[in-house]
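Sequences listed follow chains A and B, in order.
Counting in UniProt numbering, the first sequence runs from 1 upward without gaps.
Counting in UniProt numbering, the second sequence runs from 1 upward without gaps.
A few of these clues could be false.
Covered stretches of chain B (in silico footprint by chain A; criterion: 3 or more residues with CB under 8 Å from a CB of chain A, positions within the stretch not fixed) [said to hold, decoys possible]:
id: 1; segment: 138-146
id: 2; segment: 150-163
Short, incomplete list of chain A residues facing chain B, as computed with Cβ under 8 Å [stated by the list, open to error]:
id: 3; residue: W143
id: 4; residue: A148
id: 5; residue: A156
id: 6; residue: L160
id: 7; residue: L161
id: 8; residue: L244
Since the hints were derived computationally from the structure, they do not count as laboratory data.
Because the structure is a prediction, the values reported are computed rather than measured.
Glycine included, every Cβ here is placed at the ideal spot set by N, Cα and C.
There are 2 protein chains.
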Amino acid sequence: MHALILGAAGMIGRRLTKALVASGTVGDHPLDALTLIDVVQPDAPAGCAGTVRTEAADLTAPGAADTAIAGRPGIVFHLAAVVSGEAEANLELGYRVNLDGTRLLLDAIRRAHAADGYRPKVVFTSSLAVFGPPLPPVIGDDWIVTPASSYGTQKAMGELLLADYSRRGFLDGISLRLPTICVRPGKPNKAVSGFFSGIIREPLAGRPAILPVPDTVRHWFASPSAATGFLLHAAGLDFGRLGLRRSLTLPGVSATVAEEIEALRKVGGDKAVALIRRDPDDAVARIIETWPEAFATDRARALGFTADASFDAIVAEHVAEFQAGA
Amino acid sequence: MHALILGAAGMIGRRLTKALVASGTVGDHPLDALTLIDVVQPDAPAGCAGTVRTEAADLTAPGAADTAIAGRPGIVFHLAAVVSGEAEANLELGYRVNLDGTRLLLDAIRRAHAADGYRPKVVFTSSLAVFGPPLPPVIGDDWIVTPASSYGTQKAMGELLLADYSRRGFLDGISLRLPTICVRPGKPNKAVSGFFSGIIREPLAGRPAILPVPDTVRHWFASPSAATGFLLHAAGLDFGRLGLRRSLTLPGVSATVAEEIEALRKVGGDKAVALIRRDPDDAVARIIETWPEAFATDRARALGFTADASFDAIVAEHVAEFQAGA
Ligand SMILES: NC(=O)c1ccc[n+]([C@@H]2O[C@H](COP(=O)([O-])OP(=O)(O)OC[C@H]3O[C@@H](n4cnc5c(N)ncnc54)[C@H](O)[C@@H]3O)[C@@H](O)[C@H]2O)c1
Ligand SMILES: NC(=O)c1ccc[n+]([C@@H]2O[C@H](COP(=O)([O-])OP(=O)(O)OC[C@H]3O[C@@H](n4cnc5c(N)ncnc54)[C@H](O)[C@@H]3O)[C@@H](O)[C@H]2O)c1
Numbered sequence: 001m002h003a004l005i006l007g008a009a010g011m012i013g014r015r016l017t018k019a020l021v022a023s024g025t026v027g028d029h030p031l032d033a034l035t036l037i038d039v040v041q042p043d044a045p046a047g048c049a050g051t052v053r054t055e056a057a058d059l060t061a062p063g064a065a066d067t068a069i070a071g072r073p074g075i076v077f078h079l080a081a082v083v084s085g086e087a088e089a090n091l092e093l094g095y096r097v098n099l100d101g102t103r104l105l106l107d108a109i110r111r112a113h114a115a116d117g118y119r120p121k122v123v124f125t126s127s128l129a130v131f132g133p134p135l136p137p138v139i140g141d142d143w144i145v146t147p148a149s150s151y152g153t154q155k156a157m158g159e160l161l162l163a164d165y166s167r168r169g170f171l172d173g174i175s176l177r178l179p180t181i182c183v184r185p186g187k188p189n190k191a192v193s194g195f196f197s198g199i200i201r202e203p204l205a206g207r208p209a210i211l212p213v214p215d216t217v218r219h220w221f222a223s224p225s226a227a228t229g230f231l232l233h234a235a236g237l238d239f240g241r242l243g244l245r246r247s248l249t250l251p252g253v254s255a256t257v258a259e260e261i262e263a264l265r266k267v268g269g270d271k272a273v274a275l276i277r278r279d280p281d282d283a284v285a286r287i288i289e290t291w292p293e294a295f296a297t298d299r300a301r302a303l304g305f306t307a308d309a310s311f312d313a314i315v316a317e318h319v320a321e322f323q324a325g326a
Numbered sequence: 001m002h003a004l005i006l007g008a009a010g011m012i013g014r015r016l017t018k019a020l021v022a023s024g025t026v027g028d029h030p031l032d033a034l035t036l037i038d039v040v041q042p043d044a045p046a047g048c049a050g051t052v053r054t055e056a057a058d059l060t061a062p063g064a065a066d067t068a069i070a071g072r073p074g075i076v077f078h079l080a081a082v083v084s085g086e087a088e089a090n091l092e093l094g095y096r097v098n099l100d101g102t103r104l105l106l107d108a109i110r111r112a113h114a115a116d117g118y119r120p121k122v123v124f125t126s127s128l129a130v131f132g133p134p135l136p137p138v139i140g141d142d143w144i145v146t147p148a149s150s151y152g153t154q155k156a157m158g159e160l161l162l163a164d165y166s167r168r169g170f171l172d173g174i175s176l177r178l179p180t181i182c183v184r185p186g187k188p189n190k191a192v193s194g195f196f197s198g199i200i201r202e203p204l205a206g207r208p209a210i211l212p213v214p215d216t217v218r219h220w221f222a223s224p225s226a227a228t229g230f231l232l233h234a235a236g237l238d239f240g241r242l243g244l245r246r247s248l249t250l251p252g253v254s255a256t257v258a259e260e261i262e263a264l265r266k267v268g269g270d271k272a273v274a275l276i277r278r279d280p281d282d283a284v285a286r287i288i289e290t291w292p293e294a295f296a297t298d299r300a301r302a303l304g305f306t307a308d309a310s311f312d313a314i315v316a317e318h319v320a321e322f323q324a325g326a
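So here's chain A without its partners, still in its complex pose:
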């Protein structure tokens, strides 16, 4: 099977590429070909048994979506996106990439379907940002979508379009609402959620980290490898089991900041914990207050999606990767 990754140069895209190449399969099929596209030139992976094509392209440029699917990939991982903070700061960019980009992709597939019966699997990465306040402590699979950000709005609109095009048979799609990825590797970024990873990653590297919210704040997390695991699991899933409801909130670990800190202490000791500096930021706290704390992900679990075992396991994965990289 030919797999296409849009947004292949991103954090999850790079890991997914690696995982696909390592397994040599996608779902139940051998991986014959891999197309990697991103506005940033993606690296060609080493050791892929199938044909690899990499391309630097903006999904929203005229014809780019048609070119992307020209090889008729059997599965499309659509990860290309402008992240939350950027979509809020730059409204037109966010709607262009996150909404129009998704629509251009799905419409290119629709036209290909009309032309030659093409009907790929499409795995779209959505987000918890589709949910907004007021929220119950544990959110069920039937809970209403009311985004509190433009990013969440764009993801929710993409989910709806994907579901409609799936219903009409142009494609076979799923929207995976990923938990907040933690521990996110790399430099601290401007994402509001950045501190959730920062208070683990930075102290373990001997650097200070700022904590802008109270220790009681609770949120929903998955490790980078759990995120890759969700995408790989989706590749093998029969989406017919989803019915009309093509969006899934995925299992995660619900943890408070205090629990994060205790997990850090176990591996880094008091020395690491001492590197966390409490610097309350009311603006950040007010945003985080509106975020989900936990989900009952019955549907996703019934479909075989599994989460990290605990926040300790999330930290252990990070430590192992950090040591392997160092």
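Using the hints provided, position chain B with the ligands relative to the given structure of chain A.
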């Protein structure tokens, strides 16, 4: 206040025009000006105290949305839409009018907001078609939106955009999910829901009507005057009370086909009821089975929206109008 009605030549648009002109007010303000736009030339109403402008224009034509709001109406009633059956039959038309048309309107307002601080009230008519199976017998205000039609998808996407633009302060919007309007006047049309009105309207006019579903089918209704009432009530409402949740499912009357028939019998007798011919259509029955039966509309009721008293009252309104018209 200057009011703009987009879709003014439609069934609800014509009634809303009449009601606004009759009251001479919109919300708490005198009606100074009325702009009526539709792809079909709207009739200019008689007796309007304010300035009236009518225009035949396609909302999706380049510049049409900017022209529509050039007079900076303080309130925009956005009713222009391609209906359910047409949006399903003609995918591109449905997305163009129902999604792009709405987005063009909201983006024109966003640009005007940036240019001169314009920030109108926007009342968008959404639909129960945003809900899809599986549904509980009574649907609460927190229930998930999973449309089972392209029309419902387009309405749900419009709701999301309107909520985001409201949150960002470009406009002050509300999406009203109207119940199925019954008794819909005029000729039988191809809407799947047409028989709900047809089995009342046609027999009362001495004509036969076809009933394609079992008598046990239950659905959610509002009279044409209740629909107009919802729009007028919204005009006077402080949308700040909605918070992030800019969409409201409106109160209605939950009635079975059997209850409809008994209401018909009360005014038209057995003679009228005898004009209903049962002609089961499995395709229609399968679609209708996925439709909502009843809602708990706590939020809308708390905001002062009120429904018809009963299905008998709905029929009585139709009879009165029919007699006035005849
Ligand atoms: N990381 C998380 O916590 C998280 C949580 C929920 C959902 N997601 C979603 O998962 C996906 C991947 O996330 P990530 O953490 O790898 O993000 P990332 O920012 O690292 O990767 C996104 C990639 O998309 C690319 N891209 C942006 N605009 C593009 C365009 N116009 N054309 C082509 N490529 C473009 C970027 O260059 C980037 O490489 C995104 O859709 C994101 O919204 C991530
Ligand atoms: N009638 C119902 O049962 C019901 C239920 C729920 C929601 N709604 C919604 O309420 C609104 C009004 O419904 P209605 O029953 O009066 O429908 P209608 O079809 O009678 O009126 C819609 C009007 O929109 C106009 N229109 C279509 N495309 C246009 C375009 N591109 N530019 C400008 N005008 C355009 C049509 O000419 C028509 O006059 C619609 O948005 C509809 O989706 C109706």
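**Item:** Violated hints, by number in ascending order, as checked against the structure
**Value:** Hints that this structure does not satisfy do not exist here, as all of them hold.
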